[in-house]
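Going line by line, the protein sequences match chains U and C.
My numbering applies: residue 1 is where the first sequence begins, and numbers increase by one.
My numbering applies: residue 1 is where the second sequence begins, and numbers increase by one.
For the record, the hints were derived by calculation from the structure and aren't laboratory data.
Every residue gets a Cβ at the ideal spot worked out from N, C-alpha and C, and that includes glycine.
Among these hints, one or two may not hold up.
Derived, one-sided and incomplete: chain C residues facing chain U with beta-carbon distance under 8 Å [as the list claims (entries may be wrong)]:
#1 Ala2
#2 Ile81
#3 Ile87
#4 Pro89
Simulated DEER-style distance windows between Cβ atoms [as the list claims (entries may be wrong)]:
#5 C:Leu50 x U:Pro138: 43 to 51 Å
#6 U:Gly120 x C:Ile135: 45 to 53 Å
#7 U:Gly120 x C:Phe49: 48 to 56 Å
#8 U:Phe89 x C:Leu45: 55 to 63 Å
#9 C:Ile9 x U:Asp219: 21 to 29 Å
#10 U:Glu125 x C:Val134: 36 to 44 Å
#11 U:Leu193 x C:Val134: 36 to 44 Å
#12 U:Ile94 x C:Val5: 49 to 57 Å
#13 U:Thr123 x C:Lys26: 49 to 57 Å
#14 U:Asp219 x C:Arg75: 35 to 43 Å
#15 U:Glu69 x C:Met4: 40 to 48 Å
#16 U:Gly120 x C:Val134: 29 to 37 Å
#17 U:Ser91 x C:Leu50: 26 to 34 Å
Each chain, written out:
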Amino acid sequence: MENRDIKVGKEIEKCNEKNRTCADIANERKDMIFNLVMKAGEILLHNGAEIFRVEETMEIIARAYGVNEVYVYAISNGLFLTINVDGNFFSTKIKQVPIETVHLGRVAEVNNLSRDIVAGKYTMEEAMKELDRIAAMPFVPDLWRIFCAGIGSAAFCYLLGGSPFDSFVSFLSGFLLYIFIIYAEKRRFPKVLKIVFGSAGVTLISILMFHFGLGNSLDHIIIGSIITLVPGVALTTSIRDFFNGDYLSGTIHLVDTLLVATSISVGVSVMLKVWNMFL
Amino acid sequence: MASMVIQLIASFFATVSFAFLFNVPKKEFFYCGITGTIGWFFYLLLYNFLSSVVFATLIASVALTIVSRLFAVNRKLPVTIFLISGIFPLVPGAGIYYTTYYIFTHEISLAVEKGVQTISIALAIAFGIMLVFVIPQRCFLWGRRQR
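In isolation and in its complexed conformation, chain U is listed as follows:
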């Protein structure tokens, strides 16, 4: 141990004669790899990739840049990355990644990038730039999102047994719901409030339209219009995580599902109760 310390000390002394020390260069390289791998993982996790894909991609990128010892532990809302770049010391970074919107376009791009990195098409700097570009990829324009939410609501209302007339009403209320959701996202409402208010509002709209003779079945209209909020995919993902042995991720997704579902039901049932009280 002492011998090695002396040896390292001599090497550092040697490097000190130049402007930059060996340690500096090693540190820069380490930082770069760290940031690159972490950023790739963060984009993937943040935008809805599966846990195993996040871990695999991070390891692949690190190995492509010559790091042999890399350990990744990913859970639904956080990343732990340990890397040994210089052959002596391990370093660890931890990053919290909130569960938020899904942007599968970004997942696809990072996937392509990692394939190109393995093929040797990117230097670290270029890869970092590319990742910055991917992280800034825009969402679909708001108007289109609102319109698609309407179409989705109408289609689901029909699939779940509503009549075409109900679907039409669902289209309107789903459309209005997403206008509110986008407004709430811009104002950075807390998730629970956004969903409670959104589902209460959409219930009120549906009741009003139903009251004025639009639609045949209020139940189908409401379920159609809130379907864009319902966490069906999160529940399925959670169970897939359990099957894969990622118990922690599964639990996190399950809790998220329950929270969202409860918020929706609170919104809908409170609004129905209030309406019944006054009429």
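Given chain U's structure and the hints, the job is docking chain C onto it.
For chain C alone, coordinates are given in the frame of chain U:
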């Protein structure tokens, strides 16, 4: 029969609109839609024959996952893109909502019934996906050679 065709069209649009909300690249909308439609087709078919929601969902998710893996290999994209959008019609979103809704209206027996069904559907989907994911990747390569 006619209603089935309309249902399939509706499932196509449902899938595409969710693909949109998930920011799937525009080129893939059609393939996402097809994935969702195939899933819903198998679901309807088996549900009419067997009238068991869980079993129909299981087979439908197997079919749908096979299709999305084929698309993923052919179009060199992560399978998630086709899977998440395509699975949407099958996913027990309404079930989750009804379960919590009945809890709030104190209709506990209905809530338990819906809850058990929701969990079984989710289990069936997850199991179906897992069944297809254990098939080795090379089995899905034949489509690519043909192109």
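Here is how each hint holds up against the structure:
no.: 1; hint: Ala2; result: 13 Å, violated
no.: 2; hint: Ile81; result: 5 Å, holds
no.: 3; hint: Ile87; result: 6 Å, holds
no.: 4; hint: Pro89; result: 6 Å, holds
no.: 5; hint: C:Leu50 x U:Pro138: 43 to 51 Å; result: 45 Å, holds
no.: 6; hint: U:Gly120 x C:Ile135: 45 to 53 Å; result: 30 Å, violated
no.: 7; hint: U:Gly120 x C:Phe49: 48 to 56 Å; result: 53 Å, holds
no.: 8; hint: U:Phe89 x C:Leu45: 55 to 63 Å; result: 60 Å, holds
no.: 9; hint: C:Ile9 x U:Asp219: 21 to 29 Å; result: 23 Å, holds
no.: 10; hint: U:Glu125 x C:Val134: 36 to 44 Å; result: 39 Å, holds
no.: 11; hint: U:Leu193 x C:Val134: 36 to 44 Å; result: 42 Å, holds
no.: 12; hint: U:Ile94 x C:Val5: 49 to 57 Å; result: 52 Å, holds
no.: 13; hint: U:Thr123 x C:Lys26: 49 to 57 Å; result: 30 Å, violated
no.: 14; hint: U:Asp219 x C:Arg75: 35 to 43 Å; result: 39 Å, holds
no.: 15; hint: U:Glu69 x C:Met4: 40 to 48 Å; result: 56 Å, violated
no.: 16; hint: U:Gly120 x C:Val134: 29 to 37 Å; result: 32 Å, holds
no.: 17; hint: U:Ser91 x C:Leu50: 26 to 34 Å; result: 56 Å, violated
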